[in-house]
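Protein chains: 2
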Amino acid sequence: MLNAKEAVAKIIREKEEVGGVKQVYYVGCGGSYAAFYPAKTFMEKEAKELKSALYSSNEFVHNAPKALGANSVVVVVSHKGNTPETIEAARISREAGAAVIGLTWLLDSPLVQHCDYVLSYTFGDDKDIAGEKTIVGLLTAVELLQQTEGYEHYEAFMDGIGRIDRIVKNACEQVKHRAQAFADSYKDDKVIYTMGSGAAWGAAYLESICIFMEMQWIHSACIHTGEFFHGPFEITDKETPFVIQLSEGSTRALDERALKFLNTYGKRIEVLDAKEMGLSTIDASVVDYFNHSLFNNVYPVYNKALAEIRQHPLTTRRYMWKVEY
Amino acid sequence: MLNAKEAVAKIIREKEEVGGVKQVYYVGCGGSYAAFYPAKTFMEKEAKELKSALYSSNEFVHNAPKALGANSVVVVVSHKGNTPETIEAARISREAGAAVIGLTWLLDSPLVQHCDYVLSYTFGDDKDIAGEKTIVGLLTAVELLQQTEGYEHYEAFMDGIGRIDRIVKNACEQVKHRAQAFADSYKDDKVIYTMGSGAAWGAAYLESICIFMEMQWIHSACIHTGEFFHGPFEITDKETPFVIQLSEGSTRALDERALKFLNTYGKRIEVLDAKEMGLSTIDASVVDYFNHSLFNNVYPVYNKALAEIRQHPLTTRRYMWKVEY
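Residue numbers (numbering that gives the first Met the number 0), protein chains in the order written: chain A, 0 to 324; chain B, 0 to 324.
Since the hints were derived computationally from the structure, they do not count as laboratory data.
Be aware that a few hints might be false.
What the hints assert, rightly or not - When the alpha-carbon atoms are kept at most 25 Å apart in a straight line, the in silico PhoX-like pairs for lysine-lysine are as follows:
{"no.": "1", "chain 1": "A", "residue 1": "K65", "chain 2": "B", "residue 2": "K47"}
{"no.": "2", "chain 1": "A", "residue 1": "K9", "chain 2": "B", "residue 2": "K47"}
{"no.": "3", "chain 1": "A", "residue 1": "K4", "chain 2": "B", "residue 2": "K65"}
{"no.": "4", "chain 1": "B", "residue 1": "K44", "chain 2": "A", "residue 2": "K47"}
{"no.": "5", "chain 1": "A", "residue 1": "K65", "chain 2": "B", "residue 2": "K4"}
Please put together the full structure from these sequences, using the hints given.
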C-alpha cells in the first residue's frame, strides 16, 4: 500500500496530461469531517494557487462544486468505510474524473472500491498519534502543496510529526487528575460548551457533537473563540460550563481573550492549554496544525472519566445503528 | 457611490496590471459573518478558478492566508463600521496590496477609511430585501465571477433579486400566527436548536448565536442537517426543541431527511419551509442563494413574539457595549 506522499506523487503524474491538480476537496461526516479540519485550514492558509474546501459528505453529494472534475483531488474519510454519504461522495467524484484518496481504518470495506488510492491509519488505545487519520489527512494536504507549489515549512512539518506522539502521550498522563475533577464537577450538567479556534476548531467541534451530544446526551455547542464576542458571550454566567482550548500558534490570542472574559464573568471553566501540555517544542511555523491531534487525544481522558461517573458508557446509543434513518 | 457591479469592474481593471484577481476573501463577525455565508457557498460552488474563503474577522487578522496580496479582493462587513477586528482585517488587507470592499450601514464610520470601495445596504423595518447586506455580499461574488470567469446563471440571479422582496414580505405575513404559537410553546425552554444546510446554514447560525444566545440568553447550537446523523441526533427526544429550515434547492434532501427523523423521534419541531413560503418562483439554478434572505427575515417575526412573551427585549445585554472585553 502506498503512503500519502507516494499516492499524491502518482496522482500528480497522472494529472499532468489534463493540466495538473487545481482543486482539492476534503469530504467526511461528523468526527471524520472534524478530523479533516486541520487539512482544510492548512490548504486555506498555505496554498497560493490550489483551490480547496471541506464538506460534510451529503452536502458535497447534493451540492458538489462545479469545478469538480479531471483537475480535482477528493480526499474522503470513513472510519469503517461504510458511511453511505461518503461512499457516494467518492463515487460521484470518480465519475466526474477526479482522483479519489480514501482514508479508512477497515481496508476491507465498501468505500475502498470507489477510491483510486486507499490510506490506512492508526486507531485504538496504543496507537501511534503520528499515524492517526488527522495526521494522514494533513499529510495529503502537505504533500499536495509540496509537490505542486512547494511548501516552505515542509521539513519543520515532518519534524513535528516526529514529536507529536510523545507530546500527546505525556499530555494524557498530565491531565489524568484534572479530568477526574472535571468529571466530578460536571457530571450533572445539562449543557456544556466547547470553544476553540484556528486549525484546532475541529477538535472542539468533535468533542461537542460526538461526545457531549452523541455519547453523553448533554446539550452542547462549539463556539469559535473569535465569534464568542459577537453573540454567544451573552450566555456567560457563573453556572454555565465551558471547555476552552488554548491553541499554540497563530490564533492563541483569540483563545486567551475569550478565556480572560470567562475568568471574569464565568466560573465553571475547564482549560486545555496546548502550551502547558508541551506543544511548543514543535516549530512555530507549523505548530498550528498539531493542536488538533493534541486536544483530540486529551479529551478522551476527560470523556472516559465523565462517562464512568455518569454511568453512561461512551458506547450507549438510542438511534445510531439501531433504527432506520 | 458605486454599486457592487461598478466597484468590481473598477477592481478588475486595476488588478489587470498585476495579473488579475485570483482570490476573494469574505470577512466579518457574528451576524455579519453569517450574512456572508451565501457568498461563501456561491463562490465555493460556482467558481472554477477563483479561490475563496470566509473568515471570522479576528481569525483572518491572526491567521491570514499567505495568498493575501495584490491579486486578492477582500470583502468586509460591519453594520456600524466600528467592529475593531473587522477594521483591522481591512487595514492589513490593504497593507498587503489587496483591494478592499467594505459593506456598512453607517457610511460615516471608522471602517470606511480602510476600504477602497464602500457599499451601503438597506436596513430596518421596511427595508428593501433586495438591498440587504446578504444580497449586496452575494452581488460582489456574482459580479466577481461574471466579470472574470463568467457566470452562466447571471440573468436568473438578477431575476431572483427582482422577486425576493415580495416573497419575503408575503412570508412574514404568512408566519405571524405560527410565530405567536411558537412563542407561547417555547417561552420557558432553556435550550433551542436551529438546523439548516447549504447556502442557508448561515441563517440558522445567526438565529442560534445572535438571537437565542445573545438576545434571549437561551442555550443553543446550530446543527447542519447533514451532520445531524453523525452525532447530534442522539440528543433528540420528545422534550428538546428544534427549529429546522427546509431550504429550496440543492440541499433540500438533507433537510427533509433530518425533519423526517425529528417527526419520528422528536416532538417539539418548528419548520420553516422555503417552498411553502413561495421561494420556488425563483429559478432552480439560483434559488439556493436566496434561502438565507427568506429565513433571516422570517425569524424576526418569531423573535419579536418570543421576546415579548418572555418579557426579555431583544435589545437586552449584560456584556455587549457595557463592559470591557
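Okay, the hints, checked on the actual structure:
1. Restraint check: the Cα-Cα separation between K65 of chain A and K47 of chain B comes to about 7 Å, which is no more than 25 Å; the hinted pair holds.
2. This hinted pair checks out: K9 of chain A and K47 of chain B have alpha carbons roughly 24 Å apart, not beyond 25 Å.
3. Between K4 of chain A and K65 of chain B, the direct Cα distance comes to roughly 23 Å. Compliance with the 25 Å bound is thereby established for this hinted pair.
4. About 19 Å separates the Cα atoms of K44 of chain B and K47 of chain A, which keeps this hinted pair within 25 Å; it holds.
5. Note on K65 of chain A and K4 of chain B: the hinted pairing holds, with a Cα-Cα distance of about 23 Å set against a maximum of 25 Å.
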